[in-house]
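Trainee: Sequence:
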Amino acid sequence: MDEVDSFQHRVWQIVAAIPEGKVATYGDIARLAGSARAARQVGGVLRRLPKGSKLPWYRVINRTGQISLQGDDLFRQRDALEREGIEVSDDGRLSLEKYRWQP
DNA sequence: TGAATGACAAATT
DNA sequence: TAATTTGCCATTC
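Residue numbering for the first sequence is 1 to 103, as defined by the working numbering.
There could be a bad hint or two in this list.
[Stated by the list, open to error] Under the rule of at most 25 Å between Cα atoms (straight-line distance), these lysine-lysine pairs were calculated in the BS3-like manner:
1. K22 to K51
2. K98 to K51
3. K22 to K98
No lab work stands behind these hints, which were simulated from the structure alone.
Assemble the whole structure, with the sequences as input and the hints as a guide.
Mentor: As structure tokens, this is what we get:
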């Protein structure tokens, strides 16, 4: 099914590299993974992530600086971010300029 | 093997 | 300026 060089595997590595207290956009990760236009697939990878995964998936947001998830997951992500010292508004928005991770 | 899907993003209207 | 529509592309059915 997959080689170690699969897109999914690269996404895992990149997401795992996001420092605490910082966030990255789907587009950024796609670009770092080698496919600048595959932002959507980044979300796809995180969506099928096992529940017990240690990957900081909550540090990934969309380009508007807002959480793309909905429902309970939205609140879970918001809490996880605030726990790292990131200020998130009630609707799941934060300051990209302030918290964006730039390697 | 082919069609459908989607945790986005940029271009149009 | 805000709301819709169209492209993108790896993965899933």
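Trainee: Compare the structure with each hint and give your call.
Mentor: The hints, checked one at a time:
no.: 1; hint: K22 to K51; verdict: holds, 22 Å
no.: 2; hint: K98 to K51; verdict: violated, 29 Å
no.: 3; hint: K22 to K98; verdict: holds, 9 Å
In this structure, the one hint that does not hold is number 2.
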